[in-house]
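Protein chains: 2
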Amino acid sequence: MARIVMKFGGTSVADLERIRNVARHVKREVDSGHEVAVVVSAMAGKTNELVEWTREASALHDAREYDAVVASGEQVTSGLLAITLQSMGVNARSWQGWQIPIRTNNAHGAARILDIDGTDLIRRFGEGQVAVVAGFQGIGPDNRIATLGRGGSDTSAVAIAAGVKADRCDIYTDVDGVYTTDPRIEPAARRLKTIAFEEMLEMASLGAKVLQVRSVELAMVHKVRTFVRSSFTEPDAPGMDDFDNPPGTLICDEDEIVEQEVVTGIAYAKDEAQISLRRVADRPGVSAAIFGPLAEAHINVDMIVQNISEDGTSTDMTFTIPSGDMDKAVAVLEKAREAIGFDAVQSEQGLVKVSVIGIGMRSHAGVAATAFTALAEKGINIKAITTSEIKISILIDGAYAELAVRTLHSVYGLDKT
Amino acid sequence: MARIVMKFGGTSVADLERIRNVARHVKREVDSGHEVAVVVSAMAGKTNELVEWTREASALHDAREYDAVVASGEQVTSGLLAITLQSMGVNARSWQGWQIPIRTNNAHGAARILDIDGTDLIRRFGEGQVAVVAGFQGIGPDNRIATLGRGGSDTSAVAIAAGVKADRCDIYTDVDGVYTTDPRIEPAARRLKTIAFEEMLEMASLGAKVLQVRSVELAMVHKVRTFVRSSFTEPDAPGMDDFDNPPGTLICDEDEIVEQEVVTGIAYAKDEAQISLRRVADRPGVSAAIFGPLAEAHINVDMIVQNISEDGTSTDMTFTIPSGDMDKAVAVLEKAREAIGFDAVQSEQGLVKVSVIGIGMRSHAGVAATAFTALAEKGINIKAITTSEIKISILIDGAYAELAVRTLHSVYGLDKT
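Listed in order, the protein sequences are those of chains A and B. Position 136, counted from 1, in the first sequence is what the working numbering calls 130; the numbers after and before it change by one each time, with no gaps. Position 243, counted from 1, in the second sequence is what the working numbering calls 237; the numbers after and before it change by one each time, with no gaps.
No lab work stands behind these hints: they were computed from the structure. Warning: the hint list may mix true and false statements.
The list treats identical chains as one, so a pair stands whether inside a single copy or across any two.
[Claimed, not checked] Calculated lysine to aspartate or glutamate pairs in the DMTMM-like style (CA-CA distance at most 25 Å, straight line): (1) K40 with E50; (2) K40 with E23; (3) K21 with E50; (4) K372 with D176; (5) K322 with E383; (6) K203 with D319; (7) K40 with E11; (8) K21 with E46; (9) K187 with D170; (10) K40 with D9; (11) K377 with E23; (12) K377 with D337.
Construct the complete structure from the given sequences, taking the supplied hints into account.
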């Protein structure tokens, strides 16, 4: 017997037929003797509808009222799933965030979970009751509903799993796991059986949109074994109750992964823009002079590369931002030209960042060199490089995105089982 | 300055344009210097949609889960109205039933309000804040959302008014007040400026569907002056802020009504059926033998008339029920024939109960005789009569319904100002 948290997103509970399918997944785990909490999102489309209404009511709306309106979507789904489970003979009840309670900070609309009291839920597990928890929400210190921001139900699920000390948090989604790269680009991409928290964090933040980044962070901190699997596989399909050979990907501590690969996956992020400031005065405080105004303008800067120029008294500063912010960023920098001190701004859109990710590269040399050689052989020009302990990110022209992903996927042997 | 509770129903908040109209009504009262709490229903159609989903999920659903699902409709409206008020510069916040809290009993789906703690609301009135309260709901002793049953927002509003010791509870509705009778039947029907609680109770329970019966009972018990007015009148229309000459009807204590009329209104209830048991053995317990089985079959018995028959040893028992229950009632009685002991069952459908209502008749003789004479002059046959202190109800053939209403309306001078 295990204690499991199961999470189902909006498309999995889009209508009553799908909610019945979710209930059958839950019943399967209950029938296997497990203690179960289920976390649900709003029915697909509902959250957008509610958000749109708050915008229509006022463009500048009170985030606390936004939360009261938008959180109603998950409230509905939790009640409907509880009813459906009961009709199948499963003892179940719904829980709103304020009932458990799931305590958050006061950042309405994008609140962070501070604490979950799992006492009541655990007591009811003991009585054989399934908890159906409305995702995406908790209660703030002001005793008002606080939502966690879009996609927050993943975070709810992991937090509940930590709060009730679950053995596993199953995230049911419209994909059947995490792949070595995007299968739409590389058909030979393989589903990973396991991936370490740190690797998943890099995959998620780079655009492999299986799980919300915050939920992976939370899973890593609390060591919640998180299992990504498909909600559209039939509940009674072979292997669905066989966790030793699971139809999904387990995100877990690296110690649990027996055969660690050097490289686990290739991620990419589209629509990047690059800005270069030429001949920036090389003096203390110049980075602050550049990135301060950009931060104030809410422009998210990603890769930053700094080179000493030939004469040794000035520097070239290159960084990437989302393409959509490029014109705004150039305007901000031109306005700050005197304060910063530079010769020229150069900018380029339509770039792609391709990343090689793997915990194994910490103990293996030559991983980066392999990537550079492979891309050079295909004639792909590298515009910028940044590296971390477990990741190499390479900025290239967008036209070469697919070729680069396939090349790197192959050169690290990810297409071989 | 007064303290006012304003209540708006589903059609008044059906979309964001109408919600803006509601906000303008609220702003008018705030600008007049009043302290204001607003109680809102769900957007028109939303509650039906949510109820239908709970039925689809399971015909026999847990009432506590039904409540969690259905109460979300009012939660949405309360947040949207708060946002809209804020955008007009009005300091406002939404309140869910569990936040105030509005404490109810445990009868989920049809809960009764036990207690409202108005402390927090009153403190915020002092800070100039408008409370926007989600109607139709509270929190049960099990710490779960409990709804008050359909139309419960009227009851919420009156209960909030009692809880915060409001000077008045304004019920905004799609009619502009309570009329001496149904204007669709008698175009000369007049809007009443005032009506006593007891009279309104009779009017409401007899099918003048302006206010929920329970809300009138509650208003009577707590002496909440309740003002029925139109939400579709423009907020800045003449007289809307002139409570001394109000465009609506004030339901209040009879002591407040200076010029009490003998008869206040003529109500009617359609689709009544009459059942007569002939030659029932006249013995103790016979009433229980008849009405016990009917109650067990959930058949609502209204008028009951008992006459001693000629021979003095048996009696004729006549009563009315909703037409739709007639066949069921006859079957129940036939089954209990031996236990009851009677000669025959006679039944008739398509009847109408017309009622003359007025507190003044307590101190005036001859009110009933006037009705009987007037109906007789029009050739309308009376099938049964019941009376209370402030009401005379007459059962007639349905074909004469409109004629009877118009005749009685005229004979008591209700068509004259």
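Quiz item: Any of the earlier hints contradicted here, and which numbers?
Solution: Failing hints, ascending: 2, 5 and 11.
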